[in-house]
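**Q** Sequence:
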Amino acid sequence: MKKIFGLLSFLLFIACITSCSHDVDSDDFAEKHIFEHDKTTANIMAFHSKAALEDAIKNGIFPNTRASGEVTIPDDFVSLMNEVPADAAILDSLTEEEKDTILQNHLTYYEAFDLEDLIPNENLAALLNTDCEIILGDSVFRITEYGTLCANVDKLNQLRDIAVNIHNININFNGIDRQNLSNNVSIIDTYHVDTTTYINPFKPDQPVGNDDGDDTGNGQGGDSGNDSNNPSTFIYTPWTSINFNLFPTFYAYSHTFIGHIFDNLFGERHTRHHKFLNNYRVNGSLYSYNYGFYHETGTYVSMQKKRGGLLRPFNGWKSQNADEMFIHVDSIIMEMNINFPMPMINDIPTNMKVVGTNDFGLADKQVSILGYYMSEQDVYNLMGKSLKEILKQIKTATSTSLPSNTKSFLIVTQQKVYRFIYDETYYTHDSNKLRKVYDSGVFFFISSEFVNSFWGKSLSTYLKEAFKNPHFSLKRGQVKVAGRLNNDWGGMTIIK
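So the sequence shown is numbered by numbering that gives the first Met the number 0: it starts at 0 and just counts up by one.
Don't take every hint at face value.
[What the hints assert, rightly or not] Subject to a maximum C-alpha distance of 20 Å in a straight line, what follows is the list of computed SDA-like cross-link-like pairs (lysine to any residue): (1) Lys304 - Leu484; (2) Lys384 - Val353; (3) Lys317 - Glu82; (4) Lys364 - Gln392; (5) Lys352 - Lys304; (6) Lys352 - Lys415; (7) Lys57 - Asp438; (8) Lys304 - Asn431; (9) Lys274 - Glu121; (10) Lys304 - Tyr279; (11) Lys304 - Thr107; (12) Lys304 - Lys474; (13) Lys274 - Ile241; (14) Lys474 - Asp176; (15) Lys57 - His105.
Hints listed in this document are in silico derivations from the structure and should not be mistaken for laboratory results.
Could you put the whole structure together from the sequences, leaning on the hints where they help?
**A** Okay, structure coming up:
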């Protein structure tokens, strides 16, 4: 019996870390095939291993790091995070007023193209050229508003031709992760999120919350990426003292017929805005993107100020440090499709079993549960209750005492792994953005064209299936985000 649970615990461990280790090819194999690219790819950063890309996204590229040793950075490489120079080619297609706005405000390509919507992670944006391109092994990827284009580097010109005309192409994924646009170029379903097939268990009459009386969340830190402040030295406003009835509520899916069709085709990926005071706004997003080479699920809040000048209505917005900002998670539901084989013996418990507890955040816990034979409806019926009731029912069903500071549950069934997050708050101050990532991971693919020529069709077919590798994706969620300037707050509730 111990061996069985040891094996299942190992499977659970693999499921937990799969988003960071589920590449289907060998890194050693990839590192042995560092390709010489022709001059058409000279301005694209090229990575030669999954680990190097992951390191670069998390930590940047600096001397003596793994990323610095396993990436080719062309001499003429220009990142999305670089400032737009006066001689930039993109300025030729703009009006004089637009040029002046970009140059006078020293905008980066990221800001000028307003790419926060498509690429919330600025560390990732720093690795992309101004066409949003990146090379992994012998494959080139290009992020577009319709999805991520992918081709062998030898077919880069074909990929770029398709990118120019992609708005004229009829793209309909119909539940398929990847669609061929030509013999050599495919598009990955980057943004699509299913908003129709799953029942939201968090009903209005069953609020999700922590009933221990401490809702301040003080001392909680988020993955802001640019928050170096010490939370213990700043007294934050309790999120419960903010009246969200005064703020808008945005649904991360369309309620109109046309909007629903658009979401089905291209996914819902819009940043929401709440204008307050005269010239300020708070931005918020709850997103789940899979670029094919990298996936990320998270939420963020940012503050911006309207640019001035004679053309104020057209000058856009610039980052503004807020006195304080926070993200409050009412509930986040994530799923990973992963079909375990049927066990060879039948003494696995038919009900739940608590198999572990680990840290979740700075002061909270995540409980891991083996519910091998639980149906999806069983899982949602249990997790659709208040946090206090969930803790009580699990304790009764498993005869296990759970930590009172439990804020997250990981439930492993035969078909899926579920992650539920409740009542978490993340704060920052004197910062223009706060971002929390719930799940992320790097894919690293050797293209099927290269594999066909060396290994034959069976491995090629296997690699094509790699895009279906398990990773957590956002299914439902509700977050509250807000920011303060002086004594004024702006914010919103986002429901997916």
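**Q** Determine for every hint whether it applies to the structure shown.
**A** Hint check:
1. A hinted pair counts as satisfied when its Cα atoms are at most 20 Å apart, and Lys304 with Leu484 qualifies at roughly 11 Å.
2. Taken as a hint, the Lys384 and Val353 pair is honoured in the structure, with Cα atoms around 18 Å apart against an allowance of 20 Å.
3. The straight-line distance between the Cα atoms of Lys317 and Glu82 is roughly 14 Å, inside the 20 Å bound, and the hint therefore holds.
4. Taken as a hint, the Lys364 and Gln392 pair is honoured in the structure, with Cα atoms around 17 Å apart against an allowance of 20 Å.
5. About 51 Å separates the Cα atoms of Lys352 and Lys304, which puts this hinted pair outside 20 Å; it is violated.
6. Restraint check for Lys352 and Lys415: the C-alpha separation of about 16 Å stays at or below 20 Å, so the hint holds.
7. Our distance criterion of 20 Å between C-alpha atoms is met by Lys57 and Asp438, whose separation comes to about 13 Å.
8. A distance of roughly 10 Å separates the Cα atoms of Lys304 and Asn431; the hinted pair therefore holds under the 20 Å criterion.
9. Straight-line distance between C-alpha atoms of Lys274 and Glu121 comes to about 23 Å, which puts the hinted pair past the 20 Å bound.
10. Taking the CA atoms of Lys304 and Tyr279, the gap is near 5 Å; set against the 20 Å cutoff, the hint holds.
11. A threshold of 20 Å between alpha carbons decides the hint, and for Lys304 with Thr107 the separation of about 16 Å falls inside it, so the pair holds.
12. A hinted pair counts as satisfied when its Cα atoms are at most 20 Å apart, and Lys304 with Lys474 does not qualify at roughly 32 Å.
13. Taking the CA atoms of Lys274 and Ile241, the gap is near 16 Å; set against the 20 Å cutoff, the hint holds.
14. A C-alpha spacing of about 16 Å is found between Lys474 and Asp176, which places the hinted pair at or below 20 Å, so the restraint holds.
15. For the hint linking Lys57 to His105, the alpha-carbon distance of about 26 Å lies beyond 20 Å, and the restraint is violated.
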